[in-house]
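Colleague: Guided by the hints, dock chain B onto chain A, whose structure is given.
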Amino acid sequence: MVRRAALADVLGGAAAFAVLAAVPLLIGGKAAPDFVIRCAAYGLFATSLNLLVGYGGMISFGHGMFFGLGAYAFGLLMQRTALSIPAAFALTILIAAAVATVIGAICVRLKEIYFAFVTLAFQMLIHSLIISWVGLTGGDQGLRGGIPRPVFLGVDLANRIQLYLACGAALVIGLVLMHRIVASQFGYTLRMTRDNAERAGYLGVDVVRVRLIAFVLAAVFACVGGVVMSLFVSGAYPDFADWTVSGDGMFINMLGGINVFLGPMLGTVILLLLNDTVTRLTEHDGIVLGVVILFFAIGLRKGLLDFVLDRIAERRATAVASPERG
Amino acid sequence: MATTSRSAIGRRAALAALGAGATALAAPRIVRAQDKVVRIGMPTILSGRVAQLGNSSRNAVLMEVERINAAGGLAGRRIEMVIRDSKGQPQEAARIARELINTEGCDLLLDGEASSGGFAVNEVARDLGVLCVHTNSETSSLTADPKLRLPNAFRVCRQGVHDSIVGGSYAAGVAKAKGLKRWATCAPDYAYGRDTTAQYVEYLKHFMPDVEIITQAWPKLFQPDYTENITKLLQAKPQALYTCLWAGDLTAFVDQASIYALLSQMELFAVNMADYTTLTAVKHLPPGIHSGNRYIKTFPKTPQNAAWADAYRARYKEYPTTWSWQNSAAMHFFEAAAKRANSVDGKKLAEVLPGLTVEVPFGTDGTITMRGEDHTIINYAIGWGTTIPTEPYVPDMHPGDWKQIVELEAEWKKANHYT
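Line order of the protein sequences matches chains A and B. In our numbering, each residue carries its 1-based index in the first sequence increased by 601. In our numbering, each residue carries its 1-based index in the second sequence increased by 2.
These aren't lab readings, by the way, just hints derived from the structure by calculation. All of these numbers come straight from a predicted model, not from anything done at the bench. Take the hints with a grain of salt, since some may be wrong.
Straight-line Cα separation of at most 25 Å, PhoX-like style, residue types lysine-lysine; simulated pairs [said to hold, decoys possible]: (1) A:631 <-> B:349; (2) B:405 <-> B:415; (3) B:38 <-> A:631; (4) B:405 <-> B:416.
The following block holds chain A by itself, in its conformation from the complex (with noise of 0.2 Å):
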């Protein structure tokens, strides 16, 4: 049962990156490239997010500190070693696997309002590092000169095509990977942390190991949707590490939904769409963006994937009922 789940996360996967690959020759011009690696890196983000608030129950607002720390560890490695790029790629996950391990081990003990506030302190201090570091990371003028890209394994990032299918391969593995961390006991488990810590306790779970352990996973994929961006842009800046990268994150999550897995996914794809549009017509897309934002809290109560899940899982039940009634 689990192999044949794991399986179909395998195929579905596949399928995506198949149509990832194929959308620069369906649509032209390099804006839709362009746009799907923004998606990669906010997706991986914001999924990754999700883990900790849906999953989890943990709202953390400072998640955007791994986010920050993927693109400047990635970054610096890259321009000052001679690393390649997947050793850099590695050594950058591992960086923020340990900075997390750190970091967690102290707020995951908290309940509440205690852990999103003191993951906030934790990016504040990681923010606050990368501006007063100058000698290091540049300040707030951020990583400059760009990130150099030697070739490795005949796959040259420096081509637009190229890093495009990279980042959407980063997407689709990182999704599957979630996914799979998600229906697995561990997800489960984390699940019953979420809903009832206590009697988790009671039933022989360590409720903080296990949280601590999503906080770590969190945290690695976070990371890498921050290298993807670094990726993109060619650098890394402190707004990466910033709390409103973090909101952001928050917002994907609001306009997505948090029940279904795809939700941030479909909540990133919104908000990039709703910040590219407005920006376009207006220089009061905050007022625009705050009205929609407000429409799915108020007005569906959840996100968009939630609202149409639950929309049908009614219409079934009522169809259900309806004969009986009868």
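Modeller: Chain B in isolation, oriented as in the chain A frame:
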């Protein structure tokens, strides 16, 4: 009948064609300008705390575009600007810059971003190979550092190191005359504040080695209350204070410092004071503040500069800013380069821009030159003076010596391993 009719129409058509042909021959540039356009993409900051400066950049550009188009356009092509708001976010600046080229079909980039946004757009220019003119990024390394400098990117903007050299030279002159040896600094606590202060102090000490920095205050960027910094400065009792606070932060600091009578106890050197947006925002502008010029219509004191500022003010009901003159000058460089290259092709423009001198109201002698070796401008109006509470606000600006600026800048580049 039918034949006559056809013949009459044919004559009219022939006459019309002849007329059109004659018009085209008589004014080919105008016809081409109407038919063809050159699209210039401009990412800048149009929302948030820096929106006023971004808007003043856009205003200046649109004023120049109208003038250039009325004169026949760039190499016969009418300019069409596509201006977008980056919200001051570098990732948005990069996205917009890419979109302007890839989707909007822009031929050239006019980068109206500041700070990190400018570096993000520079990387897009590196990636796409498009001609890019930076207009608002003052960080010297953008063009000084050979790792950052691009053959297809130019900067039409004042530079931090130039301001520091002129500021240090002017301050040393005042300090020698008044015996100001005990100095303090107060700057926003981020890279710009720290770098600019360090560089200013370096050149102050270069010109007057016995100066001593007795205290330094580092308020946060956009800090609303400066009480703790002001009391710290008052307790240290320096003879002079240098600050590179800017815009709303500087006006808030000056207003609050006035309450504590700080300005009567020390000489204030505020590099970013002499810009109309700041000068007019201070409730009671104290006399005698030493400031570098950002943009003042009386410096250089020429009819052309005053006329340009007045035209801007008549059109937009406010005075231009330092970002305005830089963007206006950038359009002059586009115009002159297109004329020399007789083309709007980015590569051809990049070939003629190095070493190009344009006549603009903002040059020390009415001209500004694009230095060939590092693609940045020199000879723009740069100086220091003291404020008075009413217009012209800084009546007597002491111009910097460009020979001295260039010499010391070369030493600075060498010390930073840029040459």
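Colleague: All hints, please: hold or fail.
Modeller: Checked hints:
1. As the CA atoms of residue 631 of chain A and residue 349 of chain B are separated by approximately 21 Å, the hinted pair is consistent with the 25 Å bound.
2. Between residue 405 of chain B and residue 415 of chain B, the direct Cα distance comes to roughly 16 Å. Compliance with the 25 Å bound is thereby established for this hinted pair.
3. Distance hint between residue 38 of chain B and residue 631 of chain A is fulfilled; the C-alpha atoms sit about 23 Å from each other, no more than 25 Å.
4. A C-alpha spacing of about 17 Å is found between residue 405 of chain B and residue 416 of chain B, which places the hinted pair at or below 25 Å, so the restraint holds.
In summary, this structure violates none of the numbered hints.
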